[in-house]
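Following the hints, position chain B against chain A.
Line by line, the protein sequences are chains A and B. In the numbering used here, each number is its position in the first sequence, counted from 1, plus 8. In the numbering used here, each number is its position in the second sequence, counted from 1, plus 16.
No wet-lab data here; the hints were simulated from the structure. Glycine included, each C-beta is placed from N, C-alpha and C at the ideal position. A couple of the hints might just be wrong.
As the list claims (entries may be wrong) - The following residues of chain B were derived to be distant from chain A, with all beta-carbon distances above 10 Å:
(1) 140
(2) 317
(3) 325
Claimed, not checked - Per label pair, the in silico range of CB-to-CB distance:
(4) 298/B to 52/A: 53 to 61 Å
(5) 155/A to 19/B: 28 to 36 Å
(6) 103/B to 125/A: 30 to 38 Å
(7) 34/B to 164/A: 44 to 52 Å
(8) 126/A to 121/B: 37 to 45 Å
(9) 220/B to 144/A: 22 to 30 Å
(10) 376/B to 52/A: 31 to 39 Å
(11) 46/A to 376/B: 41 to 49 Å
Unchecked claim - Part of the chain B face toward chain A, derived, beta carbon under 10 Å:
(12) 23
(13) 34
(14) 36
(15) 39
(16) 44
(17) 48
(18) 117
(19) 210
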Amino acid sequence: MPEVTRVPIEADGPADFGDWVSSRGASLQRFAYLVSGSATDAPDLVQEALIGALPRWHSLAARGTAEAYVRRSIVNASVSRWRSTRRLVTMADPVGPSVDDLAPRVDDADQAWRLLIELPPNQRAAVVLRFYEDLSFAQIAVILDCSESTARSHVHRAITALRNRLEEEPS
Amino acid sequence: MTENDDRAERALREALSRQGDGFVPAETAVPTERSTRRWRSWGAVAAAFVLVAGTAIGIGLVTRDGGGLAGPDTGHAVSELPLPDAGWRYESYRDVVVQVPDSWGYGHELTSAWCLGDDGTSVNQTPFVGASNGYEVVPAIACGRRPGDVFGLGIEGPERLWVTNLSFGRPEDEEVPDGVHTQDGWTRIVSTVGHARFTVLTDQAHLADARRIVDSATVTALDQNGCDVSSPIQDGVYPRPVHAFDLSTIGSVGAMAICQYSPRTPVGEPGLIASRLLTGTDANAELGALHVAKIGGGPDTPSTCLHSEPPDTAIVLRLNPGAESRDVYVYYDSCVHNGFDDGTQVFELTEDDCARLWGERVVQWSGSSAPFELCHPDQS
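Next comes chain A alone, as it looks inside the complex:
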């Protein structure tokens, strides 16, 4: 088996924590939103991750792994929240015509977003990192703290699930 060495996501960047947060804050919140699917939770997820990063900032900055660390913290926190809330009982839809019957026909992207918010956060994060951030699978593996093959599997399963849904509708 070949030696596996972690790849820093971002070797460069501001060395000062405040400068780094200022430059990366919006992007991190956007990432948190896409991973959690919640615009309300996104700022909190980022803030918690930054609080965790502050005590080890010098080490993270020196190694160029701050971005990966904070994103991983966001994903982990999102997973924790998802686990704690997924058992909540959802109310049944009111009887009557479905939204789909009344709304204009949804396009592929709408279907894709519906699928994404149903995925577990780790899998969703892999899709976000691949198709929104355009990261390689090696880079995704570093952030998600998993093997490259697992990162590939996350993305592949999402594509397969969406493909099956789309095949039920003409392109």
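Same frame as chain A, now just chain B:
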């Protein structure tokens, strides 16, 4: 990839682009040390509550005539660190604490002299936290690594003796860069945080724990047992306690922190290398042993060493950590100045007052033979 896979990928990209670009981020506040402390303080509140409501570490000094130096035994958290996760505990080294599973014991990492007098039966069988703390006397013999060290992991000894473990070291002493290396089912993670370097060697079964250990590293000024990460005991050659008091007037204690330092680390830099906490009966048994120890210190054998050299390690015995504490300095590994010093008098080392100091990662790895035999009667 099929045409429908392409369609799915395009749809995912479009969906994320719409949602991501349409999201309006709030202003991101820059956390400060103060906000981090405030966040941690809730953990301290929780810790204090548990201590009061549960099996309280009744921390409070009571004078021998019944008067209280620190008031009633109300219980205090010895540290402001948040409680460790369920089933985990803290370990400290220099200015950093990490969490490790409670199930991990203590042991010694394999050294280049792993083959000396060892048939393998005394080697740890289960995951452990290394107790060499970056300081260990290693016989000048190289027993060898796995032939050719083909793992490239830099771990001593044959693979059959490898056991998942966490070890501590000083970044300035290590040539191994931070990173993760995996081969043939073994992973070595090296991480530097603050003034500490952590190395976890792990098999696949404990990989998740290993990563959690490294990710838990937190810089602190006071460790989980109430030990300062830097102490005046690091100042020069055998300093006496800054705040002198009379140990003989202390009737009982709630706890004692045993804080071990490297006096060869300059004052102001984190010199804490290990700590442990004595509570309840154990703490008061130690206090009782000190009460009957002879005044004058020792045992010393002045003709057998240089007097100008600081000891390799020294202990601050912190009575009542986390509240109105008192510090006793303990010297035990040289030929002079041995004993317990409260700043007023020096009490001699005896088997009863010294042997209780050692355990977990607080170890003595060098020293003059007279005090060593008293402090380690089981090894003499």
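Here is how each hint holds up against the structure:
The beta carbon of residue 140/B sits about 25 Å from the closest Cβ of chain A, which is more than 10 Å, so the claim that it is off the interface holds. Against the 10 Å criterion, residue 317/B stays outside the reach of chain A, whose nearest CB is about 44 Å from its own CB. Distance check on residue 325/B: its Cβ is at least 33 Å (rounded) from any Cβ of chain A, clearing the 10 Å threshold; non-interface status holds. Between residue 298/B and residue 52/A the beta carbon distance is about 43 Å. The supplied range of 53 to 61 Å is therefore violated.
At roughly 29 Å, the beta carbons of residue 155/A and residue 19/B sit within the given window of 28 to 36 Å. The hinted range of 30 to 38 Å is satisfied by residue 103/B and residue 125/A, whose Cβ atoms lie roughly 33 Å apart. Between residue 34/B and residue 164/A the CB atoms are about 23 Å apart, so this pair departs from the stated range of 44 to 52 Å. Here the CB-CB span from residue 126/A to residue 121/B is close to 44 Å, well matched to the stated 37 to 45 Å.
For residue 220/B paired with residue 144/A, a C-beta distance near 24 Å keeps the hint of 22 to 30 Å intact. The given range of 31 to 39 Å is respected by residue 376/B and residue 52/A, whose C-beta atoms sit roughly 37 Å from each other. For residue 46/A and residue 376/B, the Cβ-Cβ distance of about 43 Å falls inside the hinted range of 41 to 49 Å, so the restraint holds. Interface hint status for residue 23/B: upheld, as the beta-carbon distance to the closest one in chain A is roughly 6 Å, under 10 Å.
About 6 Å separates the beta-carbon of residue 34/B from the nearest beta-carbon of chain A, less than 10 Å, and the hint is met. For residue 36/B, the interface hint holds, the least distance from its beta-carbon to any beta-carbon of chain A being 5 Å, beneath 10 Å. With 10 Å as the threshold, the beta carbon of residue 39/B comes within range of chain A, its nearest partner Cβ sitting at about 5 Å, so the hint holds. The beta carbon of residue 44/B comes within 3 Å of a beta carbon in chain A, closer than 10 Å, and the hint placing it at the interface holds.
The closest approach between the C-beta of residue 48/B and any C-beta of chain A is roughly 8 Å, which is under the 10 Å cut-off, so the hint is satisfied. The closest approach between the C-beta of residue 117/B and any C-beta of chain A is roughly 18 Å, which is over the 10 Å cut-off, so the hint fails. For residue 210/B, the shortest C-beta to C-beta distance to chain A is roughly 7 Å, which falls under 10 Å, so the interface hint holds.
Checked against the numbered hints above, the structure breaks hints 4, 7, 18 and satisfies the rest.
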